[in-house]
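Undergrad: Here are the chains, one letter per residue:
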Amino acid sequence: MIIRACALLFLSSLLLAGGCSDGPKTTGMKVYRHSLNGSPTSLDPAQSATIYANHVVVNIYDTLYSYKYLARPYQIKPNLAAAMPDVSEDGLTYTIRIKKGVEFTDDPAFPDGKGRELTAADFVYSLKRHFDPKTRSQGSWFWSGRIKGMADWKQAGSDYDKEVEGLKALDRYTIRIILNKPFPQLVHTLAQGYSAIVPHEAVNYYGREFSVRPVGSGPFRLQTFDSVRAVLVRNPKYRKEPIDLAYEGYDEAIHGKFGIEKIEGRAPPLVDRLEIHFIQESLSRWNSFTKGDEIQYAGIPKELLDDVLARKQPNVLLKPEYAQRFFMTSGIETGFVHTDFNMADPEIGYNKDKRREEMNHALRCAIRYAFNWHERNKRFYNDMGVIFPGIIPPVVPEYDPDGPKDSLEYSPEKGKKLLEEAGWTADKLPTLTYGGVAQVDTRQIFEQYRGWLTKIGYPKEKIVFDSYASFGDFNKAVKQAKIKIVGMGWGLDYPDAENTLQLFYGPNGSPGSNNANFNDPEYNRLYEQSAVMQPSPERTKLYRRMNQIVLDSCVTISGLSRQEILLWHKNVVSYPDRSIVGGFHLKYVDIEEAGK
Amino acid sequence: MEMLQYALRKFITGIPLIIGVTLISFLLMVYFGPDKTYELVGKNATEEQIQEIRHQLGYDKPFVARYLEYLKELATFDFGYSDSTGERVNSILKRTVPISLALITPGFVLGNLLGIALALVAAYYRGHWLDKLIMGGSVVGMSVSFLIVIIAFQILLSSNDGLGWFPVRGWNVYSFWDYLRYITVPTLATVFVALGYNTRFYRAVIVEEMGRDHVRTAKAFGTPPGELLFKHILKNAMIPIITRIMFSIPLVVISGSLLVESYFGIPGVGKVTFDAITTGDQPILKAVVGITAVLFVIVLILNDIFYKLVDPRVSLK
Amino acid sequence: MNTLAEETSLPKESESLWGKAWYKFRRDRTGMIALGVVIFFMFIALGVWAGLWGSGWSNVGGDMWAGPSPEHWLGTNIIGQDIYSRAIYSTKTAFEVGMVVAILSTILGGILGALSGYFTNSWVDELILWLMGVLDSIPFYLFVAAIAYALQGYPYSMHIAMIATFWTTTARLVRGEVIKLKNFEFVEAARAIGLPQGKIIFRHIMPNTFHILLVQATIVFVGAIKSEVILSFLGLGVVDGVSWGLMIAESTQEVQAGHYSNFLTASTFLFVLVMAFNMFSDSLQDALDPKKVSA
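Residue numbers (the numbering used here), protein chains in the order written: chain A, 1 to 596; chain B, 1 to 317; chain C, 1 to 295.
Don't take each hint at face value.
Said to hold, decoys possible - Derived EDC-like pairs (lysine to aspartate or glutamate); straight-line CA-CA distance at most 20 Å:
no., chain 1, residue 1, chain 2, residue 2
1, B, K10, C, E126
2, B, K61, B, E73
3, A, K462, C, D240
4, A, K134, B, D60
5, A, K291, A, D307
6, A, K312, A, E564
7, B, K94, A, D226
8, A, K148, A, D161
9, A, K134, B, E48
10, B, K94, A, E209
11, A, K479, B, E48
12, A, K378, C, D63
To be verified - Distance windows between CB atoms, simulated:
no., chain 1, residue 1, chain 2, residue 2, range
13, C, G56, A, P314, 32 to 40 Å
14, A, D306, B, G164, 15 to 23 Å
15, B, L27, A, Q529, 51 to 59 Å
16, A, K319, C, G56, 51 to 59 Å
Rather than coming from a laboratory, the hints here were simulated on the basis of the structure.
Glycine included, every Cβ here is placed at the ideal spot set by N, Cα and C.
Based on the provided sequences and hints, a complete structural model is requested.
TA: The structure is reproduced here in structure tokens:
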């Protein structure tokens, strides 16, 4: 009896302590509940490596540039910057003027708790932070080796009082960047969450906890944040900039049906409260979405695709019962999945023995023949992904729709023949380690892959799944070049194929992004040559030549860009996008009626 | 006074246990544990950056230094900052432990109370069909995997294919009503699984008590069943029962809800711990393991004191 | 059973214990049925091991989430693998995990428990008790996860983790029994004629704890199979091959979309085996418990 009474007491005290407190008072407020299939860990812009982090970061902080709301392909536009940068003849000096009177939100980090004006010096500080080891920047590779004097600044101990020659605030509102060599993608990098502008007061005040207590000047302020959701509220001090739909790329034919014309002339942010729910399980997310009063945006779980879609080709169409309730867009992702061979491994890649190296080449090409893109697409990407040869995905302007497709061919017979011709026999074949995180889908992808390989005569027991319990450990094995075959995905940071071509640039080898450790003199030369070029037909030609080199060396099996289907409730005025940067559209989202 | 001295002495004897637990878990989880470095590096890292991060995480320090640092953290109850989010470990615990408690307590309490009730019935009707039914049921309960129960209950009660009465996942608790909605399915699942084990255990305890001479004598003298039950049987059966409950507490508090929370997406300490395991967030792991160990020692002490209170024959030496 | 008793030179009263137990167990209908089911599963596992069936578990030929058909009795999973073959093959995995963990943890628990019980109040006992206390205070899944990490890439990390945690219960029981036994006449006698301690412990005392070890082994077996499921779900379990746990992990997303075959198949196999083993274990306990002779 006593236990029972105690338990009740205990319970009720728990309830008082643990919860109930910050119930949403949303009466009369416009609340939009977004959802994502993953959660950010850190909200420090310098660590905003995922689209999940960017969804929050670009809405709390300001970036100099941004992408136009509706225009596709993506077009860059000034955000905090007053205009596009003035670039010198030689492409090395950028002068950027920023808007006046922009203030950080009020926060205890500031003296008197009042947010002060954001100046050019704040941008300089924010970028310098990436080269301060204490920041643990994940985005410094965008600018490392590119900004004049930055390496020396870091070498000298990252003292913020010391100036960097290539990164200065000329006056309160003018920034000057000087580059070592031309970097035409610079403006794109200034639209990323990485380049968001942070006040040094907050960084110092919160110390390590700055990553969960962001203080910015963006359209929203953070209210609460944990691993299941982030709650943002309108920043009342955000500058009033009426929306000009024509400028943002409004097209009646595409956007008309979503009611977007209603936001013309209004100033973002359009909702009072923005909740971003992080729900990993796609079906749970779907259930919450279809319930009606929970999240208002989601994708379709692949298991339910046939139940929800009326057709997949040539364009995606919802079944009437869903079309009645939801809006939908679909398009291919700005990224792709590919499977790389680790060229640093002498059993499958480069080898001092030239004869063996040739055999390895044949082996890789044979494995590529065994790879059945159609089946991969059908089982894991809803049969809706776009398969393309090489590493220039369809979403970038340099993509060649007429390129040779032979690298995508599935032909176990050809693979088998190739192996025989090169002198491979079952007992000579090396044991292949296929690395991955111990998750259901990774394992299934591996098992499918193994199934195919047995069809070119590869012994089953020689194809091993190297499972890692955490992504960190998997990444470690990749970065230390320990795995023979690596399945990876790459999301483009900006819509320029340079961002994917660097994946095979020799000097970027492990621990860099070149997981294949591909190192081809001609490729490297072409990359260096094209990296400083402005977009032009000549550059596109170089890009495509590089693509061909990658294909000819059978260094990767690539690639597939996934189809994304995005759905949202009909009372939400939105044109969602989760590809580039992540979340830059959220400040334009509106809700038809306020909450009761 | 005597009691306090006793407790203190007990705590000192508990120190080797704490050292043992922390040492073993430190060795496994921290020293040989997952490497966080490669989670923190950017997409295009350099060797130099990797070294910088390793240095900041303290991976380059010798084992002994790191372990002593851990003991200091445990003693001062200050575990620093999470390696993933940068949030203070203490504030993470403060946020998540109440949620876990609120989630797991009803199931824990119900599971034990129902277990005792069923055990009493079974023991009372020992050998009768009712006893067989209850014991058969508990074997079934013991044989179903917790994971299967969770999945099945979620389908049946929460999903649109089933009844759809409760939220599928998440934790949007703002009122008592919300609270009930969110804990129902996890609670049912926990009770279902715990009931089999609890009933069997409690039945065995009670049957043993019922077989004792004084109970038989009392029964022979015509003591009413109620009095017999509470005064003679339950009072003595309380020792093993309380022991069992107390020893489950540290695990329940800190990590008991790991599976439930990760499956239902509830941001309690179980999920945080699980995420810390899979990402190698060592400050959190250190805190969780350390606190569990300390709780265990405290429970050991309380248990001894409790024995003493219930049974004066146990001496406080 | 009698031959076993003679070989290990059990004292007189134990001999009758085993004989009686066997007699009692034979008359326990539930226990016999349960044993039959367990043997049947074992037969399946042996068949897999001998390559008689289940070898097609990794083939990816079939359709996606196909329903039951003469070709695929229980349908296929997302990549077209035959669910029936996978469930059959998983029986072997389950027995492998169960046997390895049960046998090794029982041996470990038996030896350490006996040592600890025989040398009560010496440093050996203290040390073993301390170790048990430590292992019991680390949350199970955390501990297993930690071992899985520390031994990453090593296929038996899960087994080792389970052995390391499961032996303590056995050891405690054996310790208690040994403390009781060591004051018995036959031990005193053995000591009196100057037999070495090792011989006393392992030849004279240990055989008298066999009934505890046997029952404990069956309990651990069940515990191991059940833990495997959860560990595999958490991504810490079986590294190579397939198991019911992996199948259930696969199914967690599918079931919500109405593909139940993976889930139902794996959980039925698991349930039937665990249930049978639990009942077998119960009957065994009843049969071996001398106090319960008249119950």
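Undergrad: Each hint should be assessed against the structure and marked as holding or not.
TA: For each hint, the structure was consulted:
The hinted pair formed by B:K10 and C:E126 meets the criterion: a straight-line CA distance of about 15 Å does not exceed 20 Å. At most 20 Å may separate the alpha-carbon atoms for a hinted pair to count; B:K61 and B:E73 meet this at roughly 16 Å. Distance restraint check for A:K462 and C:D240: the Cα-Cα separation of roughly 12 Å lies within the 20 Å cut-off, and the hinted pair is therefore satisfied. Among the hinted pairs, A:K134 with B:D60 is consistent with the structure: their alpha-carbon atoms are about 16 Å apart, no more than 20 Å.
A threshold of 20 Å between alpha carbons decides the hint, and for A:K291 with A:D307 the separation of about 16 Å falls inside it, so the pair holds. Taken as a hint, the A:K312 and A:E564 pair is honoured in the structure, with Cα atoms around 12 Å apart against an allowance of 20 Å. Note on B:K94 and A:D226: the hinted pairing holds, with a Cα-Cα distance of about 13 Å set against a maximum of 20 Å. For the suggested pair A:K148 and A:D161, the alpha carbons sit about 17 Å apart, so the restraint of at most 20 Å is met.
Taking the CA atoms of A:K134 and B:E48, the gap is near 13 Å; set against the 20 Å cutoff, the hint holds. Pair hint B:K94 plus A:E209 holds up; C-alpha atoms about 15 Å apart against a cutoff of 20 Å. Between A:K479 and B:E48 the CA atoms are separated by roughly 13 Å; this keeps the pair inside 20 Å, and the hint holds. For the hint linking A:K378 to C:D63, the alpha-carbon distance of about 10 Å falls within 20 Å, and the restraint holds.
About 38 Å separates the C-beta atoms of C:G56 and A:P314, a value consistent with the hinted range of 32 to 40 Å. Distance hint check: the CB atoms of A:D306 and B:G164 are about 21 Å apart, consistent with the given range 15 to 23 Å. Hint check: B:L27 to A:Q529, Cβ distance near 52 Å, so the stated range 51 to 59 Å holds. Between A:K319 and C:G56 the beta carbon distance is about 37 Å. The supplied range of 51 to 59 Å is therefore violated.
Hint compliance for this structure: hint 16 alone is broken.
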